[in-house]
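Participant: Chains as they are written, first to last, in my numbering: chain A, 3 to 143; chain B, 1061 to 1317.
If you're looking for bench data, these hints aren't it; they were derived computationally from the structure. Keep in mind that a hint or two might mislead.
[Claimed, not checked] The calculated lysine-lysine pairs, modelled on DSSO-like cross-linking and capped at a C-alpha distance of 30 Å, are: (1) K53(A) / K1165(B); (2) K1165(B) / K1251(B); (3) K1251(B) / K1097(B); (4) K1166(B) / K1251(B); (5) K1284(B) / K53(A); (6) K1097(B) / K1284(B); (7) K1127(B) / K1166(B); (8) K1065(B) / K55(A); (9) K55(A) / K1165(B); (10) K1065(B) / K53(A); (11) K1127(B) / K1065(B); (12) K1070(B) / K1165(B); (13) K1284(B) / K55(A); (14) K1284(B) / K1251(B); (15) K1284(B) / K1166(B).
[Claimed, not checked] Far from chain B by the CB rule (all over 10 Å, computed), these chain A residues: (16) V4; (17) P52; (18) L97.
[Said to hold, decoys possible] Residues of chain A clear of chain B, computed beta-carbon distances all greater than 10 Å: (19) M3; (20) I5; (21) T56; (22) G60; (23) A61.
Virtual Cβ for every residue (Gly too), placed ideally from N, Cα, C.
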Amino acid sequence: MVIYGVALLSGCLLLGSLGGELLGVILGVQANVGGVGLAMLLLVLACSSPKFKTLVEGASGNGIRFWSAMYIPIVVAMAARQNVVAAVDGGLLALAAGVGAVAASFALVPILSRIGSKGDADSRNHPASSTDGSIDETGIT
Amino acid sequence: MELVKELLLKIADRTDLVVAFALVGITVWTSYLISNKLTRGRIHGSAIAIVLGLFAAFWGGVATGGKAGVADLPLLAGIGIMGGGMLRDFAIVATAFGVHFDELKKAGLAGVIAIVSGVIVSFAVGAVTAVLFGYTDATSITTIGAGAVTYIVGPVTGTAIGASSDVIALSVAAGLVKSILVMVGTPIVAKHIGLDNPRSAMVFGGLMGTTSGVAGGLAATDPKLVPYGAMTATFYTGFGCLLVPSVLFLIVRALTA
Chain A
3 MVIYGVALLS GCLLLGSLGG ELLGVILGVQ ANVGGVGLAM LLLVLACSSP
53 KFKTLVEGAS GNGIRFWSAM YIPIVVAMAA RQNVVAAVDG GLLALAAGVG
103 AVAASFALVP ILSRIGSKGD ADSRNHPASS TDGSIDETGI T
Chain B
1061 MELVKELLLK IADRTDLVVA FALVGITVWT SYLISNKLTR GRIHGSAIAI
1111 VLGLFAAFWG GVATGGKAGV ADLPLLAGIG IMGGGMLRDF AIVATAFGVH
1161 FDELKKAGLA GVIAIVSGVI VSFAVGAVTA VLFGYTDATS ITTIGAGAVT
1211 YIVGPVTGTA IGASSDVIAL SVAAGLVKSI LVMVGTPIVA KHIGLDNPRS
1261 AMVFGGLMGT TSGVAGGLAA TDPKLVPYGA MTATFYTGFG CLLVPSVLFL
1311 IVRALTA
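Using the sequences and the hints given, assemble the complete structure.
Facilitator: Below, the structure is given as structure tokens:
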């Protein structure tokens, strides 16, 4: 049944959000700390557990696959409801701070991607991406 | 004709989410047509659709003076539901379906380090920018730096440490610029920063941190990478709200005193 998958997905999001809110309270932060990330972990664990087999296989799985496939259209709608005017109105300071932060973060992606990958036998992408990175870091910043 | 128009408006008012599905469907279809015919597939259809969405949001914001892009137009209120936090998070979680736990474990450490360094680097860039633009008080510098982390960390920090409302507005604007830039810029730089595997996607999500930006940017780059980037990105804002008003604020105050 399609609804089983959808219900499992909902359960994961609700539990994850609760976890994120609790984490926020424990840390004394006015924000949900990683609720969606926790929900994703729960779904990954549920998918690999034999106990949840009936909720993720066949038609039930299609209930989850549908929402996964709706992700891009939802992101398009999300783009259409952003406060773009406020971003533009922020002027030069907001622009400079935003652009600078993004450029610096982009430049760090290839550097941090190397962490922990040394032990992997199958890190074929690793040498390629690091040379790519060192060329383009200068290009970006 | 008047009657038809009136009836259509009546239906649209009752079925706003259905209107949104239809409109977004047409937008995505048009975008893929543009992608295939005009760019020969070089620019991803989803990237075009997201940019069209942002243009529409700008136009909607100008037309209504509201904060939610086209969703402030009564006829397009459904876009607000479809693109709102609830369905966005629901769909993001769904993308984790089929992800292997081992893949997450392997890049876990890199992801955590990325979140910590992402918050600090974005904050530092934002704070330095504020200083260059003439701000000298620790509160304003910290709030603007917080905005460069994400547009949620900005106002949370500003409120906590007592920043003025125009500085808070500025921090939100900086965060919005970042979010939009990540949406648009990611597919352009993806190849150059090695963003083509789960590990670098987790690092990317942790470094960028803006959930909307990462969600949009990865969708336009390679949908397979979405769950990995989104996973780390969703911890970023919470961590920023923890770190910026406390440790980073104290550091800025010590430096400016």
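Participant: Could you run down the list of hints and mark each one as holding or not?
Facilitator: These are the hints, each one checked on the structure:
This hinted pair checks out: K53(A) and K1165(B) have alpha carbons roughly 22 Å apart, not beyond 30 Å. Taken as a hint, the K1165(B) and K1251(B) pair is honoured in the structure, with Cα atoms around 24 Å apart against an allowance of 30 Å. For the given pair, K1251(B) sits about 23 Å from K1097(B) by alpha-carbon distance, which is consistent with the 30 Å threshold. The suggested pairing of K1166(B) with K1251(B) holds, with an alpha-carbon distance near 22 Å, which does not exceed 30 Å.
Proximity of K1284(B) to K53(A) is assessed by CA-CA distance (about 26 Å); at most 30 Å being required, the pair is judged to hold. The straight-line distance between the Cα atoms of K1097(B) and K1284(B) is roughly 24 Å, inside the 30 Å bound, and the hint therefore holds. Taking the CA atoms of K1127(B) and K1166(B), the gap is about 40 Å. The hint is violated against a cut of 30 Å. Distance check on the hinted pair: K1065(B) and K55(A) sit about 50 Å apart at the alpha-carbon level, beyond 30 Å; violated.
A distance of roughly 22 Å separates the Cα atoms of K55(A) and K1165(B); the hinted pair therefore holds under the 30 Å criterion. Taken as a hint, the K1065(B) and K53(A) pair is broken in the structure, with Cα atoms around 53 Å apart against an allowance of 30 Å. Among the hinted pairs, K1127(B) with K1065(B) is consistent with the structure: their alpha-carbon atoms are about 28 Å apart, no more than 30 Å. For the suggested pair K1070(B) and K1165(B), the alpha carbons sit about 52 Å apart, so the restraint of at most 30 Å is broken.
The straight-line distance between the Cα atoms of K1284(B) and K55(A) is roughly 23 Å, inside the 30 Å bound, and the hint therefore holds. The straight-line distance between the Cα atoms of K1284(B) and K1251(B) is roughly 15 Å, inside the 30 Å bound, and the hint therefore holds. The suggested pairing of K1284(B) with K1166(B) holds, with an alpha-carbon distance near 17 Å, which does not exceed 30 Å. Against the 10 Å criterion, V4(A) stays outside the reach of chain B, whose nearest CB is about 13 Å from its own CB.
The Cβ of P52(A) lies farther than 10 Å from every Cβ of chain B, with a closest approach of about 14 Å, so its non-interface assignment holds. With 10 Å as the threshold on Cβ separation, the claim that L97(A) sits away from chain B is violated: the shortest Cβ distance comes to roughly 6 Å. Under the 10 Å C-beta cut-off, the non-interface status given to M3(A) relative to chain B holds; the minimum distance is some 16 Å. With 10 Å as the threshold on Cβ separation, the claim that I5(A) sits away from chain B holds: the shortest Cβ distance comes to roughly 14 Å.
With a least beta-carbon separation of about 15 Å from chain B, T56(A) lies farther than 10 Å from that chain, consistent with its non-interface assignment. Non-interface call for G60(A) relative to chain B: holds, since the shortest CB-CB distance, roughly 13 Å, exceeds 10 Å. Annotated as non-interface, A61(A) keeps its C-beta farther than 10 Å from every C-beta of chain B; the closest such distance is 14 Å.
Hints 7, 8, 10, 12 and 18, counting from the list given before, are not met by this structure.
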